[in-house]
Amino acid sequence: MNPAHSPTMEAVEFSEATLQRFARELAKYPAEQKQSAVIACLSILQEENGQVLPAHEQALARHLDMPVMAVHEVFTFYNMFNVKPVGRYKINVCTNLPCQLRAGQQTLQYVCKKLGVNVGGTTTDGLFTVQPGECMGACADAPVLLVNDRHMCSFMSTDKIDQMIEELRANKGPA
Amino acid sequence: MNLEQLLHKYQASGVETCFHDRHINPQIYAGLNGQNWSLQDYKARGGYQALRTVLGLNGAPALTQDEVIAIVKESGLRGRGGAGFPTGLKWSFMPRQFFGQKYLVCNSDEGEPGTCKDRDILEFNPHIVIEGMAIAAYAMGISVGYNYIHGEIFKTYQRFEAALAQARAAGYLGDQILGSNFSFELHATHGFGAYICGEETALLESLEGKKGQPRFKPPFPASFGVYGKPTTINNTETFAAVPWIIRHGGAAYLACGKPNNGGTKIFSVSGDVERPGNYEVPLGTPFAKLLELAGGIRGGRALKAVIPGGSSAPVLPATIMMDITMDYDAIAKAGSMLGSGAVIVLDDTRCMVKSLQRLSAFYMHESCGQCTPCREGTGWLSRMVDRIETGQGRPSDMDLLDNVAENIMGRTICALGDAAAMPVRGMLKHFRPEFEHHITHKTCLVSSYV
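Chains A and B, in that order, give the protein sequences. Convert by adding 15 to the 1-based position in the first sequence; the result is the number in my numbering. Convert by adding 475 to the 1-based position in the second sequence; the result is the number in my numbering.
Isolated chain A (complex conformation) (with noise of 0.2 Å):
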């Protein structure tokens, strides 16, 4: 979707306490390149919000002086931005060459058949999305998933898939 041709878009204001999350990020550029905090802005909203509205991107554009396609750039380019969306927990399986030594490739499978998906899909209920990774750097611990971007699990035996899913499903807090 086009950000700037969005007909419903509602304009967004930013928590106070995402706000500064984002300041602890300006600070480590110099004052006149504040687009240097891209990356990680969209990563704290996509953290916060599960996903990046169009409406984010074009207010953390005006927060950081940038043109709002050069933002939306930055979303598209980067793979572990969701562009489309994604349900509340998103499953990333390495199937790169060093984890499909190490049964990368069943282990996606595995969890595809486990929750009913085909590999990219979304579980009904829209509890789980289940993705193919490219490398994540942990390639021994193969095999290995990345769970909302940040909580890296290794090696995954489907016993403790198992276990894993059904404590994601059973839990209540926040993603």
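Incorrect hints may have been included.
To give an idea of the interface, some chain B residues facing chain A are shown, with a C-beta separation under 8 Å as derived from the structure [said to hold, decoys possible]:
1) L481
2) G589
3) R634
4) T664
5) Y702
6) S745
7) P751
8) N753
9) R833
By construction, these hints were calculated from the structure, which means they are not laboratory data. Keep in mind that this is a model prediction, so the values were computed, not measured. A virtual CB, placed ideally from N, CA and C, is assigned to each residue, including glycine.
Since the structure of chain A is already known, use the hints to place chain B on it.
Here is chain B on its own, set in the frame of chain A:
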């Protein structure tokens, strides 16, 4: 319960990959146990003594910038990220007299398939990187640095940020470090899933908040880097080697390895071995020894092939590997490269066509799309290997694969094109009959692929 608490037990502990007794004379991983990452522990291991020496706080006068660079040159330290460029030489390219801001960047965007060494350094010994960067900054007259960390290892990023806070509070970073005239501020920043950002100029673009598309060189980062300012970029493990070099001297470091290949190197061994993990050993250690440290081939099977330096490195067959030493020059002489030190081991049940299929799909996915030979060529390679694997290959595909690979090599802005072409050429050179068998018989030479 929040997700962090809930998933904590699935997090890698480092026991399998880092805290084991199967390193040989380790310098970077020495004495780590997962709990002792903080400043006090690092100091108890002799940490920050090298920085004190450089700043003249250990009784002797401060070292000059030239002296520090000379020690690093003497050590034979070469870039640990992939290219193996001499570090001291790179530091000497920095225009130290440049009036204005200069930057130091650490490339921790560890995404080369097979590599997971920098993660363990940053997580379990973060201060060694901070100290190494501070010394580098001193030697080149730099006052601001960034450590760009792979987006997928967020816990590691948080750990590094915690270490930065400790170092600032104790006066090892910031204005007038330890009361000297040297000031250096260091920040952590992270990517968000783009292999290409491990390429140094793509990393700079990403650091500036843009798409990670590599820049044309020249100008090189030493004259036009972050925000157009002079910038030096080194890999995490390269910086981590520096404190030991200053403490023990360049000659001692060189003596750990072999001529032109100084020091220890961390090898990430993955794939068909009993104990995948990181192994820090002197450069020049025989591959057979490294394989033994990793517990040998899984299930007592036979070794078929090894990708010795990350997925971009050409594959080498077992016969060559079992006679080779693990250092830049020996592996280059054998027709491959040491790269990032990622050793991907394949046993005799592995189909080389299927292995290449996975790698080629990866490079197609990660091509940034800027240069036509890479954007189109990686797709072409991937589709061809795909059809050979699935029994749709044509006899003419063999020459065409080689031809497409050749037409990517050296015709792109960055090395990703070469990285996609080199595995193809390596496979064709050493395992051509397997590809021909797939095309002729529409079946695989090996029976199973777990």
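Satisfaction of the N753/B interface hint, Cβ to chain A closer than 8 Å
Holds, about 6 Å.
Classify the hint on T664/B as holds or violated, based on whether any CB of chain A lies nearer than 8 Å to its CB.
holds (7 Å)
Is the interface hint satisfied for S745/B? The criterion is a beta-carbon contact with chain A at less than 8 Å.
Nearest chain A Cβ about 4 Å off; hint holds.
Once the shortest beta carbon distance from R634/B to chain A is found, is it less than 8 Å?
violated (13 Å)
May I ask you to test the interface hint for G589/B with respect to chain A, counting a Cβ-Cβ separation under 8 Å as satisfied?
holds (5 Å)
Given P751/B was flagged as interface, is its beta-carbon under 8 Å from a beta-carbon of chain A?
Holds, because the Cβ-Cβ distance from P751/B to chain A comes to roughly 4 Å (cut-off 8 Å).
Is the interface hint satisfied for R833/B? The criterion is a beta-carbon contact with chain A at less than 8 Å.
holds (5 Å)
Let's test the interface hint: is any C-beta of chain A closer than 8 Å to that of L481/B?
holds (6 Å)
Does the interface hint hold: is Y702/B within less than 8 Å of chain A, judged Cβ to Cβ?
At 6 Å from the nearest chain A Cβ, Y702/B passes the 8 Å test, so the hint holds.
Of the numbered hints listed earlier, the single one contradicted by the structure is hint 3.
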